[in-house]
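Participant: Below, each chain spelled out in residue letters.
Number of protein chains: 2
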Amino acid sequence: MDTASLTGKDLAAALNAETTARAQARTEQIGRAPRLALIVANDDPASAWYVNSLRKSAANRGIECDTVDLGADASADMLRTELSVRSADPATDAIMLQTPLPAGVSLDDVSPAIAATKDVDGVSPLSLGLLTAGSAGFAPATAEAVVELLKHHGIALEGRHVAIVGRSNVVGKPLAQLLLAENATVTVCHSRTTDLPAVTAAADIVVAAAGRIGLVTGANLRPGAVVIDVGTNESADGSIVGDVDPESVRGTAAGLSPVPGGVGPVTTALLMRHVVIAAEQAGRTADTAPA
Amino acid sequence: MDTASLTGKDLAAALNAETTARAQARTEQIGRAPRLALIVANDDPASAWYVNSLRKSAANRGIECDTVDLGADASADMLRTELSVRSADPATDAIMLQTPLPAGVSLDDVSPAIAATKDVDGVSPLSLGLLTAGSAGFAPATAEAVVELLKHHGIALEGRHVAIVGRSNVVGKPLAQLLLAENATVTVCHSRTTDLPAVTAAADIVVAAAGRIGLVTGANLRPGAVVIDVGTNESADGSIVGDVDPESVRGTAAGLSPVPGGVGPVTTALLMRHVVIAAEQAGRTADTAPA
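Just so you know, the protein sequences line up as chains A and B, in that order.
Note that the UniProt record's numbering has the first sequence beginning at 1, numbered continuously upward.
Note that the UniProt record's numbering has the second sequence beginning at 1, numbered continuously upward.
Just so you know, these hints were derived from the structure itself, not from any lab.
Idealized CB from N, CA, C, for every residue including glycine.
There could be a bad hint or two in this list.
As the list claims (entries may be wrong) - Examples of chain A residues toward chain B, derived with CB under 7 Å:
| no. | residue |
| --- | --- |
| 1 | 30 |
| 2 | 84 |
| 3 | 126 |
| 4 | 128 |
| 5 | 130 |
| 6 | 132 |
| 7 | 133 |
| 8 | 135 |
| 9 | 152 |
| 10 | 154 |
| 11 | 167 |
| 12 | 182 |
| 13 | 188 |
| 14 | 193 |
| 15 | 197 |
| 16 | 201 |
Said to hold, decoys possible - Facing chain B, according to a computed beta carbon distance under 10 Å, are these residues of chain A, among others:
| no. | residue |
| --- | --- |
| 17 | 44 |
| 18 | 105 |
| 19 | 107 |
| 20 | 112 |
| 21 | 127 |
| 22 | 155 |
| 23 | 158 |
| 24 | 163 |
| 25 | 174 |
| 26 | 187 |
| 27 | 195 |
What the hints assert, rightly or not - Between beta-carbon pairs, the in silico distance windows are:
| no. | chain 1 | residue 1 | chain 2 | residue 2 | range |
| --- | --- | --- | --- | --- | --- |
| 28 | A | 17 | B | 154 | 31 to 39 Å |
| 29 | A | 89 | B | 20 | 30 to 38 Å |
| 30 | B | 248 | A | 197 | 27 to 35 Å |
| 31 | A | 281 | B | 9 | 49 to 57 Å |
| 32 | B | 4 | A | 191 | 46 to 54 Å |
| 33 | B | 55 | A | 234 | 57 to 65 Å |
| 34 | B | 104 | A | 251 | 49 to 57 Å |
| 35 | B | 248 | A | 236 | 49 to 57 Å |
| 36 | A | 251 | B | 195 | 52 to 60 Å |
| 37 | A | 181 | B | 154 | 57 to 65 Å |
| 38 | A | 159 | B | 89 | 43 to 51 Å |
| 39 | B | 156 | A | 159 | 25 to 33 Å |
Working from the sequences, and respecting the hints, build out all of it.
Facilitator: Written as structure tokens, this is what we have:
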């Protein structure tokens with residue numbers, strides 16, 4: 001069987017073109033560009049690299065981006081204050097809190113200070129609950145990217161059995177909710193799953209999101225299964241590789257998303273789309289508010 | 001194989017004894033009993049029956065219970081106002097909103113007005129998100145009852161494969177989160193699942209929570225599987241029956257929870273325990289607040 005490469009580049013380009021147009025329309029409407037606040041409290045090189053790529057992507061879409069660096073020793077109180085101020089600031093449309101956070105500060109401690117209407121990466125408990133309940137709110141962009149990538153490549157979800165390997169609050173758990181909303185049957189597995197190969201072999205679609213090199217191999221797949229690789233791991237030679245062993249999967253899987261170039265560009269494109277949506281919705285509320 | 005009856009009566013009795021003692025201790029500490037507000041906006045006989053049973057159970061535990069009947073034509077605004085007032089009222093420790101709600105009013109519309117600290121049946125999006133994120137908060141009592149019933153009967157969850165049939169916001173979805181937190185592998189299936197018998201046959205534990213008589217039969221089970229029946233359906237003769245066909249399961253399943261007498265009494269007992277916990281936590285906050 002030929003294994004199709006489920007790339008994210010075309011989808012990301014299409015999303016980006018739409019986002020750029022919407023950002024411009026919004027800018028013309030209210031006289032300023034949509035604005036994203038990136039809150040940083042670490043000195044991690046990978047985070048710095050990611051912040052830089054988000055800034056470039058925002059600039060290319062016509063989105064203003066404020067980077068607020070509170071330092072690697074910022075307290076939970078400092079973070080909550082900054083997030084609350086930005087949540088209340090009418091000139092800030094969207095907020096992203098970068099990880100890692102300072103030692104002793106957990107995402108649960110501080111993310112509730114992000115207003116749900118500005119929580120464009122869906123990290124707060126309220127955003128996660130709105131997603132689970134099927135209400136309006138922003139999904140974590142990586143989880144949404146998996147669903148959008150599958151749809152873009154014409155892979156039906158209704159009634160299909162999807163195995164998600166990994167149960168993080170930012171990918172596995174919200175992805176399960178998004179897939180249930182698409183009427184998929186969803187299994188969430190993880191490090192304590194007794195017989196992972198049996199679970200993945202029973203699935204039509206396997207999503208690898210555990211952050212472990214070589215987690216999914218062709219031997220653990222049903223022939224014709226579709227595999228989405230969310231992993232971004234640094235290999236021994238310094239290159240970025242996913243959770244799936246692509247060589248072993250080839251010939252067994254019907255499709256595999258590459259790393260890099262699969263879920264990644266779609267994630268960034270969806271984040272920028274969320275920023276514009278947040279700006280449009282803030283506008284709608286303000287536009288309809290009594291003078 | 002003998003199929004054990006996984007009754008909830010002993011567990012409920014033990015929980016109730018503990019709750020009664022804690023309610024009394026709290027009453028002595030602050031000079032008033034823990035107080036639950038039951039908000040009703042329907043004229044449904046089943047709801048009236050349930051409210052009455054909750055009132056009796058509260059009285060037996062030493063919990064005060066206010067029933068607030070807003071009428072079957074209450075508006076979303078009226079409900080939100082009542083829930084907000086009770087959320088802010090220091091004399092109300094816990095709030096339960098009964099369903100069904102008036103036509104045109106959804107739980108999502110009004111449940112965000114319930115403070116998470118008083119949301120003892122875990123119905124608001126924030127409560128659902130806190131549960132999903134693994135943070136402090138109240139789980140929906142029915143979902144928690146399934147886990148507590150399994151533990152009470154000594155059924156291990158870590159690494160076991162659990163199939164949940166039903167994806168409601170009050171049972172299936174929160175139960176999936178509770179089981180993941182116990183390190184189970186969790187599959188959520190539903191009405192659009194293509195091959196439900198294959199999914200349940202692959203599971204060590206099957207939870208039937210779809211509200212459909214005869215949904216799970218012995219033919220769809222792995223021999224030795226454990227089955228928890230969350231269904232409460234009215235049968236043709238007016239009796240209450242579950243989602244599982246008990247006769248067909250006998251001899252195949254290692255255990256089956258009866259309906260009635262399984263999950264039901266544990267659910268009510270956990271609700272009352274939540275009320276006392278809410279009262280204790282409100283107390284703790286008040287006790288430590290500056291004078």
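Participant: The structure should be examined with respect to each hint, and the outcome stated for every one.
Facilitator: Status of each hint after checking the structure:
no.	hint	verdict
1	30	28 Å, violated
2	84	17 Å, violated
3	126	5 Å, holds
4	128	4 Å, holds
5	130	5 Å, holds
6	132	5 Å, holds
7	133	5 Å, holds
8	135	5 Å, holds
9	152	22 Å, violated
10	154	18 Å, violated
11	167	5 Å, holds
12	182	9 Å, violated
13	188	5 Å, holds
14	193	4 Å, holds
15	197	12 Å, violated
16	201	11 Å, violated
17	44	22 Å, violated
18	105	14 Å, violated
19	107	8 Å, holds
20	112	9 Å, holds
21	127	7 Å, holds
22	155	15 Å, violated
23	158	6 Å, holds
24	163	9 Å, holds
25	174	8 Å, holds
26	187	4 Å, holds
27	195	8 Å, holds
28	A:17 <-> B:154: 31 to 39 Å	58 Å, violated
29	A:89 <-> B:20: 30 to 38 Å	50 Å, violated
30	B:248 <-> A:197: 27 to 35 Å	31 Å, holds
31	A:281 <-> B:9: 49 to 57 Å	51 Å, holds
32	B:4 <-> A:191: 46 to 54 Å	31 Å, violated
33	B:55 <-> A:234: 57 to 65 Å	60 Å, holds
34	B:104 <-> A:251: 49 to 57 Å	55 Å, holds
35	B:248 <-> A:236: 49 to 57 Å	55 Å, holds
36	A:251 <-> B:195: 52 to 60 Å	26 Å, violated
37	A:181 <-> B:154: 57 to 65 Å	36 Å, violated
38	A:159 <-> B:89: 43 to 51 Å	47 Å, holds
39	B:156 <-> A:159: 25 to 33 Å	31 Å, holds
Of the numbered hints stated above, those contradicted by the structure are hints 1, 2, 9, 10, 12, 15, 16, 17, 18, 22, 28, 29, 32, 36, 37, listed in ascending order.
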